[in-house]
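Undergrad: Read off the chains here:
There are 2 protein chains.
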Amino acid sequence: MKKLWSLSTTEHGGDKESIMRRGNVYQVANGYMGYRGTLDEFGPDEAVGITLAGVFDRVGDAWREPVNAPNGGFTRVALDGVELSALGDDVVRHRQTLHFADARFERTTVFRRGGKTLTLTSSRFLSAVTPNLGVIAVSVTCDQPGEIAIRTGIDGNIWDLNGPHLPELAHTREGDVLLTAGRTHESGKHVVVAELSSAEWAGGQAADSADNRNLRVLTVRAEAGQTYRFFKYFAVFTDNDRVDGALGEAAISAVRTAHALGYDECLAQHAAEWRRKWERCDVLIEGDDEAQHALRYSVLQLLMVAPVAGSANSIPARALSGQVYKGAIFWDTEMFMFPFFLHAYPEKAVELLRYRIRTLDGARRKAKTEGAGYRGAFYAWESQDTGDDACSYFNVGDPFTGRELRTHFRDKQVHISGDVAIAMWEYFKLTGDDSLLLEGGAEVILECARFYHSYLYYKKDKDRYEVLDVIGPDEYHERVNNNAFTNMVARETFLIAQAAVAHLRKKHPAALSALVKKLRLARELPAFAEAARKLYVPKPARKTGLIEQFDGYFALKDVPVAEVKAKMVHPHEYLGAGQGLAVPTQVIKQADVVMMLNLFKSRFSADIKRANWEYYEPRTEHGSSLSACAYALVATEFGNLDFAYKYFLKTAKIDLEAKYKVYAGTVFMGGSHPAANGGAWMTAIFGFAGVQADARRLAINPRLYRTWRRLQFRLSYRGDWFRVELTPDRANVVAEKTNRRARSPHRRPAQKSRAR
Amino acid sequence: MKKLWSLSTTEHGGDKESIMRRGNVYQVANGYMGYRGTLDEFGPDEAVGITLAGVFDRVGDAWREPVNAPNGGFTRVALDGVELSALGDDVVRHRQTLHFADARFERTTVFRRGGKTLTLTSSRFLSAVTPNLGVIAVSVTCDQPGEIAIRTGIDGNIWDLNGPHLPELAHTREGDVLLTAGRTHESGKHVVVAELSSAEWAGGQAADSADNRNLRVLTVRAEAGQTYRFFKYFAVFTDNDRVDGALGEAAISAVRTAHALGYDECLAQHAAEWRRKWERCDVLIEGDDEAQHALRYSVLQLLMVAPVAGSANSIPARALSGQVYKGAIFWDTEMFMFPFFLHAYPEKAVELLRYRIRTLDGARRKAKTEGAGYRGAFYAWESQDTGDDACSYFNVGDPFTGRELRTHFRDKQVHISGDVAIAMWEYFKLTGDDSLLLEGGAEVILECARFYHSYLYYKKDKDRYEVLDVIGPDEYHERVNNNAFTNMVARETFLIAQAAVAHLRKKHPAALSALVKKLRLARELPAFAEAARKLYVPKPARKTGLIEQFDGYFALKDVPVAEVKAKMVHPHEYLGAGQGLAVPTQVIKQADVVMMLNLFKSRFSADIKRANWEYYEPRTEHGSSLSACAYALVATEFGNLDFAYKYFLKTAKIDLEAKYKVYAGTVFMGGSHPAANGGAWMTAIFGFAGVQADARRLAINPRLYRTWRRLQFRLSYRGDWFRVELTPDRANVVAEKTNRRARSPHRRPAQKSRAR
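If you read the protein sequences in the order shown, they are chains A and B. No gaps in the numbering here: position 562 of the first sequence is 562 in the numbering used here, and each next residue is one more. No gaps in the numbering here: position 247 of the second sequence is 247 in the numbering used here, and each next residue is one more.
One chain only, chain A, in its complex shape (with noise of 0.2 angstroms):
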């Protein structure tokens, strides 16, 4: 049971690549900030990183990225005078563990050196109450008498991809406290951390403030097998934080309440709110343990990324895993996380569609912007703090020669706006809830809708609309017209618009008329309606039922995707930006028609699924982790369970494995997959348990996996709590508990499907 609820490991050293991939593994995470799993005595040379949510910099002309902030959790521990790491020659036994039930990480390392066995043990968590809060217990025991001295305080010695963004650290002290402060490069955000380190035995203590760490020297006369525990608290707080006062004192004042409480009851608090989120979240499968550990990992790091509350964040596509992707926000956000949060965590969800109202203003500048200029909001690509465009016009880089190859996943990738709007909806439709419509969620699906219609030609000799010029979710083939997928969310945009006019006409009419008024659109808005019924979307054909992924799609050579990588002369060549291999072919990086029958699964037959799925899986590169998930989904729809569950497996141990492409042409990218995370339990939930909720109902189909015994969740629908219990022989759906924060009337019982 226990190994289902943890992950562990007993490898340490290896290469960097190595190093670095576990430090995505056995990260643990709050919202407020990431800790990749690295070990107490790392530097930036193994990638530490407390990557920082929602704190952005820029040097020169590099990437903007997330601020890392000083490692308020370094610790080394020297015996006899010399320091001991896992990285050295004195390692006997290692093993870390990253614990699902708390979010927390350990470590036990036993070194010999000089005949003498010390063993090393720290457990570390980010407070999952105290946002701004990590906290560590150290424990060193050695089996016999030795001098052993402890350096722990605060590294700024911080690990970039495109730093530095602190470049001037101060270090000081306040009493027992350490205080690291510094500014960022771009814009002089302040970002401090406080550590506050109590020893249970009486010791030497000593400043130590070399090499840019800001350091506390504790040493002990060690006593043969005798045990020696310390605990680290500390504290991170930024710009961002509505602090009264200075941040230093904030900072300091938290590590010292933290001590105050003591690590026990510090644990205790954060072990209690993580049961909560698991007796909500945790999704039970019976008869495989496999998918069951697999699932759960996932499921972990939706809840530990998820952003904090009242922080209006959202969850950028690496998480707080690093810097990797600029730390930005994607439509993996919407498509594949957001999902998961508004069936089992429905105030996560909030923060996420906040983020998108948060960040219209740099929709709305990108839109005037991009192209022959726009009306309305073009969502960013890679969106940061402010909702401008972290993407880059170049954004591969081409290992011919060594130049970056224009891309235009920033100016084209048009849909990134109708999936905002359609996830804005969704959480209307599920939750009942219109505040948030009321707070900007209107607004922005209006500002969506308008972007759409200035975007849209009219074609005279046809009578439609189209949409030119643009992205798919297969980036393999850029400046397409007519995508399916496309053309389906910009249709969706415009009735979902007029599905908002519609509820805000009878609900809050002054809300209205002040919004419409707001954004000056009384004469656009009636255009909607017929740019809705006139938008042209590729419809299956008649005979095949294919649906062609855009303008021409079909006419492209159909050879096998080995063919295409076959001719691949460096590994790391970039198969699309215009002149990939697979831009002339058929090859599709990821699901794009597939995805569309996903995300519309109502609106399309069995037959349809079937038929588009036979013939797009086998063209499919899969060169995204977005990809298989969606395949898996759409592939229960029909029932296709084997395959299904080969990607569901795929995609739910996608970090796990670690297998994943960390290479895009000349890019890193590695990191953690929180959009495959997602799409792990969409498929579990929407896939195998057949879950599908409009604003109607709740309806549950389930198709289970053949060695699934149970599969046991709760969700989330109009403000109630279902818990949702399914064997190969029955269905059992039970009303749990209400959700006082719903504030919507329209509550109806979920619908009870019949047991297959």
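Hints were generated in silico from the structure; no laboratory data involved. Treat the hints with care, since some could be wrong.
Now the in silico label distances, taken between C-beta atoms and shown as ranges [said to hold, decoys possible]:
1. A:A260 <-> B:A555: 55 to 61 angstroms
2. A:A735 <-> B:A555: 35 to 41 angstroms
3. B:T544 <-> A:H508: 56 to 62 angstroms
4. A:F600 <-> B:E530: 33 to 39 angstroms
5. B:K462 <-> A:A522: 17 to 23 angstroms
In silico lysine to aspartate or glutamate, DMTMM-like type, Cα no more than 25 angstroms apart, as pairs [unchecked claim]:
6. A:K2 <-> A:D288
7. B:K368 <-> A:D551
8. A:K557 <-> B:E530
Ideal placement from N, C-alpha and C gives every residue a C-beta, glycine not left out.
Using the hints, position chain B against chain A.
TA: Showing chain B alone in chain A's frame:
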């Protein structure tokens, strides 16, 4: 004086590229075929080519290209049993000359071998009166007695870029005539060559058909100082020749007829025809021998490659100098060569236009099959015999990967159809002759307009039509929107279509209704007016006068041409094709906005011309031979005559100096430059002489270059001929004779402009 009517060199050997370049520069042609400027004894290794106009073939997946005929001009001379060659070590002296007056190639080579000096002379022309015929006189003189053996006849070893096109040649003999016949690989088209050699001396004659050659051996026991002369007549016939009976018989008959006439008479007729050509077309420049010579060479080239009467052939981008660029006809013809013929040789202009009428169905096929499928006529970017597009979707090689790069020349360079329509209408405007319109020209125009009508998109909020996703003349920037040149050309096409309809309605109403019925155009026709009215054409900015080359051009990186070129790491790397170094910058390949200002010169003020010229010229790489003359022409419009002169000379001397680029990416593109020849003529006549004609008048606004004492030429205008004589202080225009071919009654006298 004589040096202004010929071109000579004493170079003969050298590397392959030098021999290749001389082959281009010294070619002769007569519209039916071109004979590269190689020596009698040369073979395929020296790029001998008798390139046939309008005969194409394709082998396998290689490029389709014009067919080279077996070489009926082959002769090798041996002295005392040893063959002599200009490439060997026996050469004492060599001189070869291209005579402009009669388009004749002459060579004299003095060999010294075994103490004896042998002088070999030959004189070669392709008959201007009998298109199938080539005539060569060869003479040999030895200063001492010796055994001379002359192997002469037909060499079946053909130089091909992508051959062999005549894989199995049959060598036969009909009495005194050698006959070599083959069939093309792709369509089995017959190509036959007959040759008859007649020696002035009585000597031995034996057959020799080894090594794929069909030869006779003429032997002579030479006396010291005695000149031995013989004459070669060869004739090429193909299935394109409308011949009664067998092609072989026609060829045999042709050489026998020529032989009966004799060399002197053949030459006399040929020279007389050339006198008539020069009488019409020579441009006299007094005071500047360099310009005189280069321009005369340019006019010679145009006259030599002009299509045979009745052939409905056009002039390929590399004319008849070989198979480069697939022997294809580009926009070069209509935009850069056609004006010369229209003003100086209207009968040839007719052939060029008939070619587009003849290939209209190919343009219709292309429209149907490109992109989303269009209506009307989308002319081939690279047009061969059927009008189907020979341009590949992958038209440039990538030196880094050895792969072919996707280019959009074929599918997006939509201005080609308008270029054709404009030329068609210009002919009618300037000749008053509407017979071509009735022959199919009006159909061409209407189908081109229809193509644009089906290509346009309507932008509702701007109430305008746009031309999206095109390439303008600047091919470095692909897939741009609203290219000023293209939009202007498209609008012009609609206007021309309306004007053509109006003309037909008035003069040939029955023909109009038959045409409208045939094209089923009744309903669509009225829409052309709306399209013309609402078609967006980028306008000069109010303050700067600048016209943006396409949407977003001014937002591109503004870097000097040299900076872009300095980044090149491979000498053949292509700067465009989506990822090339010029793509993200404002660096352009060739005149684009400035080309538009040239094509529509009457619509823009001198200030606008100057402003745009000054902006775009420094940003132009002039990576195309079409660029310099466009800038030179516009420079004359606002008075930058020094620049105009410099670029005029550059254009006129392009083949003489042979310094042009011979590689685009990895593709070889050496050969002659008839478009530059036409551009040189235009710069002299439209630029420095300031000739500007429309349907209402012929205006002359001279601005002679400062060293020019006299500029004199003839022009045809609405059926009349005028002699124009310009000196620094006088402009004299004299009506000369009436061209009886002109059918239009709308003749007006030319308007004499004031002299400056």
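Undergrad: It remains to establish, for every hint, whether it holds in the given structure.
TA: Each hint, compared with the structure:
Separated by about 58 angstroms at the C-beta atoms, A260 (chain A) and A555 (chain B) satisfy the suggested range of 55 to 61 angstroms. For A735 (chain A) and A555 (chain B), the hinted distance range of 35 to 41 angstroms is not satisfied, since their beta carbons lie about 57 angstroms from each other. The supplied range of 56 to 62 angstroms is broken by T544 (chain B) and H508 (chain A), whose beta-carbon atoms lie about 49 angstroms from each other. For the pair F600 (chain A) and E530 (chain B), the supplied restraint of 33 to 39 angstroms holds, since their beta-carbon distance comes to about 37 angstroms.
Judged by the Cβ atoms, the range 17 to 23 angstroms given for K462 (chain B) and A522 (chain A) holds: they are separated by roughly 20 angstroms. Between K2 (chain A) and D288 (chain A), the direct Cα distance comes to roughly 15 angstroms. Compliance with the 25 angstroms bound is thereby established for this hinted pair. With a C-alpha separation of about 14 angstroms, the suggested pairing of K368 (chain B) with D551 (chain A) holds against the 25 angstroms cut-off. About 39 angstroms separates the Cα atoms of K557 (chain A) and E530 (chain B), which puts this hinted pair outside 25 angstroms; it is violated.
Violated hints for the displayed structure, listed by number in ascending order: 2, 3, 8.
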